[in-house]
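J.: Sequence:
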Amino acid sequence: MLKLSKKMLFAIEAVVDIAYHAGSLPVQNREITRRQGIPRRYLEQVLQHLVRAGILIGVRGPRGGYRLARERRRITVGEISHVVRNMETAGNPIEEEAGSEIGHKVVRPLWQELQKEVMERLDTITVEDLCLLAHQKNIESEIHQKLDFTI
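Using my numbering, read the sequence shown as starting at 19 and increasing by one per residue.
Hints were generated in silico from the structure; no laboratory data involved.
All of these numbers come straight from a predicted model, not from anything done at the bench.
Each residue gets a CB set at the ideal place from its N, CA and C atoms; glycine is no exception.
Some clues are possibly wrong.
Computed spacing ranges between beta-carbons, pair by pair [claimed, not checked]:
#: 1; residue 1: 124; residue 2: 46; range: 45 to 51 Å
#: 2; residue 1: 123; residue 2: 147; range: 34 to 40 Å
#: 3; residue 1: 62; residue 2: 123; range: 38 to 44 Å
#: 4; residue 1: 72; residue 2: 46; range: 17 to 23 Å
#: 5; residue 1: 142; residue 2: 104; range: 16 to 22 Å
#: 6; residue 1: 54; residue 2: 100; range: 17 to 23 Å
#: 7; residue 1: 27; residue 2: 132; range: 18 to 24 Å
#: 8; residue 1: 52; residue 2: 121; range: 26 to 32 Å
#: 9; residue 1: 41; residue 2: 139; range: 27 to 33 Å
#: 10; residue 1: 159; residue 2: 58; range: 18 to 24 Å
Restricting the straight-line Cα-Cα distance to at most 25 Å, the calculated cross-link-like pairs of lysine-lysine (DSS-like) are [to be verified]:
#: 11; residue 1: 134; residue 2: 25
#: 12; residue 1: 155; residue 2: 24
#: 13; residue 1: 155; residue 2: 25
#: 14; residue 1: 24; residue 2: 134
#: 15; residue 1: 21; residue 2: 123
#: 16; residue 1: 123; residue 2: 134
#: 17; residue 1: 134; residue 2: 21
Could you build the full structure based on these sequences and the hints that come with them?
T.: What follows is the structure, given as structure tokens:
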């Protein structure tokens, strides 16, 4: 079974959280931590990589935080996944020498093909799609909670 790593899950959750809860001010990482339960040590590392990849914009200062670098319909889960995969493989690339002939000629090619198919599918899913799904699942957006219609 293909495994969803914690970093991958945290990255996708963080971007969707920012897209779903963003108002006129950037979303602060402590708000993401509170809502999603993502440990800060993972979150900060993931957010910085997403900024470097052009998915998020980091805003400095006391009212700083993070916002999307593009419209949420123009950011795919595949892009986010690619950033995290690069983070995870940067320190420990697969040794091409290790393994058997069956591993090299049968198992690895199969695994690579499956990963390619999964990535192609993830490239069709946008952050907008996930925000709409969150809305359909009745997940309350904090933007709407902050609106006051008192006259």
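J.: Between residue 123 and residue 147, is the Cβ distance one that fits in 34 to 40 Å?
T.: Hint holds: Cβ distance 37 Å, inside 34 to 40 Å.
J.: Going straight from one Cα to the other, do residue 24 and residue 134 come out at no more than 25 Å?
T.: 20 Å, holds
J.: Compare the distance between the alpha carbons of residue 155 and residue 25 with 25 Å, and conclude whether the hinted pair is satisfied.
T.: It holds: about 24 Å lies between the C-alpha atoms, which stays within 25 Å.
J.: Does residue 134 pair with residue 21 here, judged by a C-alpha cut-off of 25 Å?
T.: Judged against 25 Å, a Cα distance of about 14 Å means the pair holds.
J.: A range of 17 to 23 Å was offered for this pair. Does it hold for the Cβ distance of residue 54 and residue 100?
T.: Roughly 21 Å apart at Cβ, these two residues keep to the hinted range, so it holds.
J.: Keeping to a limit of 25 Å between CA atoms, is the pair of residue 123 and residue 134 held or broken?
T.: 17 Å, holds
J.: Do the beta carbons of residue 124 and residue 46 sit within 45 to 51 Å of each other?
T.: 48 Å, holds
J.: Given the hint of 27 to 33 Å, check if residue 41 and residue 139 actually sit that far apart at their C-beta atoms.
T.: 31 Å, holds
J.: Within 18 to 24 Å or not, the Cβ separation of residue 159 and residue 58?
T.: Given range 18 to 24 Å: holds, Cβ gap about 23 Å.
J.: Do residue 142 and residue 104 keep their Cβ atoms within the hinted range of 16 to 22 Å?
T.: 20 Å, holds
J.: Does residue 123 sit within 25 Å of residue 21, going by the straight-line distance between their CA atoms?
T.: Judged against 25 Å, a Cα distance of about 22 Å means the pair holds.
J.: Just to be careful, I want the Cα atoms of residue 155 and residue 24 compared with a cutoff of 25 Å; is the pair within it?
T.: At roughly 23 Å apart (the allowed maximum being 25 Å), residue 24 and residue 155 satisfy the hint.
Checked against the numbered hints listed earlier, the structure breaks hint 8 alone; every other hint is satisfied.
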